[in-house]
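Chain order of the listed sequences is A and B. Per the working numbering, the first sequence starts with residue 1, numbered consecutively. Per the working numbering, the second sequence starts with residue 309, numbered consecutively.
If you're looking for bench data, these hints aren't it; they were derived computationally from the structure. By construction, the Cβ of each residue, glycine as well, lies at the ideal position given by its N, Cα and C atoms. Please note that the accuracy of each hint is not assured.
[Said to hold, decoys possible] The calculated SDA-like cross-link candidates involving lysine to any residue, where the alpha carbons are at most 20 Å apart (straight line), are: (1) B:433 / B:464; (2) B:433 / B:483; (3) B:433 / B:396; (4) B:433 / A:10; (5) B:433 / A:19; (6) B:433 / B:452; (7) B:433 / B:394; (8) B:433 / A:222; (9) B:433 / B:379; (10) B:433 / B:393; (11) B:433 / A:215; (12) B:433 / B:468; (13) B:433 / A:219.
[Stated by the list, open to error] Ranges of calculated distance between the beta carbons of each label pair, as one might list FRET restraints: (14) B:506 / A:231: 39 to 45 Å; (15) B:502 / A:303: 27 to 33 Å; (16) B:386 / A:218: 24 to 30 Å.
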Amino acid sequence: MLRFLLRRALSAVPTLLVIATLAFVLLHLTPGGPFDSERVLVPQIQHSIEARFHLDEPLWRQYLRYLGDLAHGDLGPSFQYRNTSVNELIAQGLPVDVAIGGTAMLIALLLGGSIGLLAATRVGGWRDRLPMGLAMLGISVPLFVTAPLLILVFAIRLQWLPAGDWVSGSWRHLLLPSVALALPYTAYIARIVRSAAIEALASPFIRAARAKGLPSLTIVLRHALRPTLMPLVSFLGPALAGVLTGSIVIEQVFGLPGIGRFFVTGALNRDYTLVTGITVLYGALIIAMNVLVDLCYGWLDPRVRARQ
Amino acid sequence: MTEARASLLRVRALSVSYPGPQGPLRALSDVDLDLDEHECLGVIGESGCGKTQLLLALLGLCGSAARVTGSIRYRGEELLGAAPARLAALRGRRIAMVFQEPQSALNPYLRIGEQLAEGARHHLKLTRRAALGRAAELLELVQISAPAARLRLYPHELSGGMRQRVTIAMALMCEPEILLLDEPTTALDVTIQAQVLEVLRSIRARTGVATLFVSHDFGALATLASRLTVMYAGRAVEQGAIGELYAAPLHPYTSGLLRSLPRLDLPVPLRLAAIPGQPPDLAQLPAGCAFAPRCPLVHPACAERPALRMRQGDHQVACHCELPAARIGEAWS
Ligand code: SF4
Numbered sequence: 001m002l003r004f005l006l007r008r009a010l011s012a013v014p015t016l017l018v019i020a021t022l023a024f025v026l027l028h029l030t031p032g033g034p035f036d037s038e039r040v041l042v043p044q045i046q047h048s049i050e051a052r053f054h055l056d057e058p059l060w061r062q063y064l065r066y067l068g069d070l071a072h073g074d075l076g077p078s079f080q081y082r083n084t085s086v087n088e089l090i091a092q093g094l095p096v097d098v099a100i101g102g103t104a105m106l107i108a109l110l111l112g113g114s115i116g117l118l119a120a121t122r123v124g125g126w127r128d129r130l131p132m133g134l135a136m137l138g139i140s141v142p143l144f145v146t147a148p149l150l151i152l153v154f155a156i157r158l159q160w161l162p163a164g165d166w167v168s169g170s171w172r173h174l175l176l177p178s179v180a181l182a183l184p185y186t187a188y189i190a191r192i193v194r195s196a197a198i199e200a201l202a203s204p205f206i207r208a209a210r211a212k213g214l215p216s217l218t219i220v221l222r223h224a225l226r227p228t229l230m231p232l233v234s235f236l237g238p239a240l241a242g243v244l245t246g247s248i249v250i251e252q253v254f255g256l257p258g259i260g261r262f263f264v265t266g267a268l269n270r271d272y273t274l275v276t277g278i279t280v281l282y283g284a285l286i287i288a289m290n291v292l293v294d295l296c297y298g299w300l301d302p303r304v305r306a307r308q
Numbered sequence: 309m310t311e312a313r314a315s316l317l318r319v320r321a322l323s324v325s326y327p328g329p330q331g332p333l334r335a336l337s338d339v340d341l342d343l344d345e346h347e348c349l350g351v352i353g354e355s356g357c358g359k360t361q362l363l364l365a366l367l368g369l370c371g372s373a374a375r376v377t378g379s380i381r382y383r384g385e386e387l388l389g390a391a392p393a394r395l396a397a398l399r400g401r402r403i404a405m406v407f408q409e410p411q412s413a414l415n416p417y418l419r420i421g422e423q424l425a426e427g428a429r430h431h432l433k434l435t436r437r438a439a440l441g442r443a444a445e446l447l448e449l450v451q452i453s454a455p456a457a458r459l460r461l462y463p464h465e466l467s468g469g470m471r472q473r474v475t476i477a478m479a480l481m482c483e484p485e486i487l488l489l490d491e492p493t494t495a496l497d498v499t500i501q502a503q504v505l506e507v508l509r510s511i512r513a514r515t516g517v518a519t520l521f522v523s524h525d526f527g528a529l530a531t532l533a534s535r536l537t538v539m540y541a542g543r544a545v546e547q548g549a550i551g552e553l554y555a556a557p558l559h560p561y562t563s564g565l566l567r568s569l570p571r572l573d574l575p576v577p578l579r580l581a582a583i584p585g586q587p588p589d590l591a592q593l594p595a596g597c598a599f600a601p602r603c604p605l606v607h608p609a610c611a612e613r614p615a616l617r618m619r620q621g622d623h624q625v626a627c628h629c630e631l632p633a634a635r636i637g638e639a640w641s
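All chains should be modelled from the sequences, with the hints used to inform the complete structure.
In structure tokens form, the structure reads like this:
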């Protein structure tokens, strides 16, 4: 187990290096720079700013400097937010996304999971077709439609919840964006769980369990749940990484100070360090989630555990 | 008088069909069976002849798409159409089944101890510890060494023969009265087959559990069964004491089946002589005898379906030809 984790951590280093390099190169290839603007700066000022951020050095030097800082966990200063480091920006924004993304995933798992299981035990009946039709709807209607709709109903009409803004630690501010973000994931999860459960319930060992006279609930929960969770886990890993680093749409609609917004404005303003930093963070998160997925596989399936 | 003797299991006119694109698929047609206490009844036939369907029907596990008709009486109690809760209470408790492929009958995600124990915990309301204790006893009964340690293993950590012995132990956990064996040795290699058969024989000697043993392997059946039913295309075509059937098969199919046994007294190329042709499509069964397309003795009367009837003593055959066994055997050569 420890050896497995160590091996995975080591193999993550070259991957992250590639991600950082690609982000760095691609950003510097895009035309324009962080300090170009309509307003023409006095050459001396322009020069001193560039010197401060080492933009006057040759690119390979900037690159090596960036990697050196990265190795120490320092993502560099932001070009756009004066006197603020990228680390600080992420530390500010990430908790918002983690709170909303985590809550959304929890809702999606509980709701989608039970809907999927229920549908799988009643294939073809209305308790299967109705939720699956709704799930199709949940997948096809985009967030920028559902989120404003939720605001319209629950914030403006019913006035139950705030329409947006962020107050740290307030569940009322957390609820609406989480639910909006949870909707498509609920739909995905319900569909994944349904088809996985149908497959699991058709396995010969389920028939053998039936032949033992076990009650249906025991058969579903003890015998069919683990194989059902396998495809769900592989979906959840990358999905979780995506959700935790912020949904730009949700942040925009609800006016939340997450890192998704930093990423977009950073890209528009050529804030090299900010964009690269968030990209590397996202990469690291994906790698971490994949390790987590593999650990879950091992926990669920003894045959995988033996191989690890 | 035969009615007075209440069979342990009495099956009459049992039919199972599934809806199919070309009309119903008749997996089982009008099968009659009687299983007495402590008896072992063998059922032989090629794959697809309805042997497994018969066992699943007895447990009520044919699935919701299946149409099951006829009568299945357990100690006089009708099971066809019985409440699902009643069937679930009998399954695994009074009637237990061993499946053909142990690797797919065991749940790969659960320790075998848990899988052995769960039936007894549910039916006999044993505590977890008591059930695991019983599981260890049964592993010993099926001749698995160091049983207590094996309980913690997962199915993939056992060999094929060991797994099948585990499923046998699993079926015996609640001391059932009827044991259904669905080709328990087919998926195993030959030496392991012999071991598993020996385990089954000693269990029957120890517990006296009545057994319905389904196989395509006459040799395996002969080690356990006293009576034999031969099935072809979902029907019983011959029934009788196994020795008599072996010595003097009266149905051309049985005769051909026995002829296809590996014969050690013949030179190698002649040892295996399979019956030419294929079993019929269960969705398009002929109106007459289903074996007619492959039968060397087919004659005009065979266009009408032969009923199972007594020929000599307890020996029943469904065939229009009245020839003695020796002449039927000659027809094959
Ligand atoms: S009934 Fe006719 S076709 Fe069928 S097995 Fe007997 S002889 Fe052959």
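We went through each hint and held it up to the structure:
Of the pairs offered as hints, the one joining residue 433 (chain B) and residue 464 (chain B) is violated, with about 28 Å between alpha carbons and a cut-off of 20 Å exceeded. Annotation: proposed proximity of residue 433 (chain B) to residue 483 (chain B) holds, straight-line Cα distance about 14 Å (limit 20 Å). Straight-line distance between C-alpha atoms of residue 433 (chain B) and residue 396 (chain B) comes to about 15 Å, which keeps the hinted pair within the 20 Å bound. The straight-line distance between the Cα atoms of residue 433 (chain B) and residue 10 (chain A) is roughly 51 Å, outside the 20 Å bound, and the hint therefore fails.
This hinted pair does not check out: residue 433 (chain B) and residue 19 (chain A) have alpha carbons roughly 58 Å apart, beyond 20 Å. Between residue 433 (chain B) and residue 452 (chain B), the direct Cα distance comes to roughly 25 Å. Violation of the 20 Å bound is thereby established for this hinted pair. Between residue 433 (chain B) and residue 394 (chain B) the alpha-carbon distance is near 17 Å, which keeps this suggested pair within the 20 Å criterion. Taking the CA atoms of residue 433 (chain B) and residue 222 (chain A), the gap is near 17 Å; set against the 20 Å cutoff, the hint holds.
In summary, the hint linking residue 433 (chain B) to residue 379 (chain B) is not supported, as the alpha carbons are separated by about 31 Å, beyond the 20 Å threshold. Annotation: proposed proximity of residue 433 (chain B) to residue 393 (chain B) holds, straight-line Cα distance about 16 Å (limit 20 Å). Pair hint residue 433 (chain B) plus residue 215 (chain A) holds up; C-alpha atoms about 14 Å apart against a cutoff of 20 Å. Distance restraint check for residue 433 (chain B) and residue 468 (chain B): the Cα-Cα separation of roughly 30 Å exceeds the 20 Å cut-off, and the hinted pair is therefore not satisfied.
Note on residue 433 (chain B) and residue 219 (chain A): the hinted pairing holds, with a Cα-Cα distance of about 17 Å set against a maximum of 20 Å. A hinted range of 39 to 45 Å holds for the C-beta pair residue 506 (chain B) and residue 231 (chain A), which are about 42 Å apart. At roughly 29 Å, the beta carbons of residue 502 (chain B) and residue 303 (chain A) sit within the given window of 27 to 33 Å. At roughly 27 Å, the beta carbons of residue 386 (chain B) and residue 218 (chain A) sit within the given window of 24 to 30 Å.
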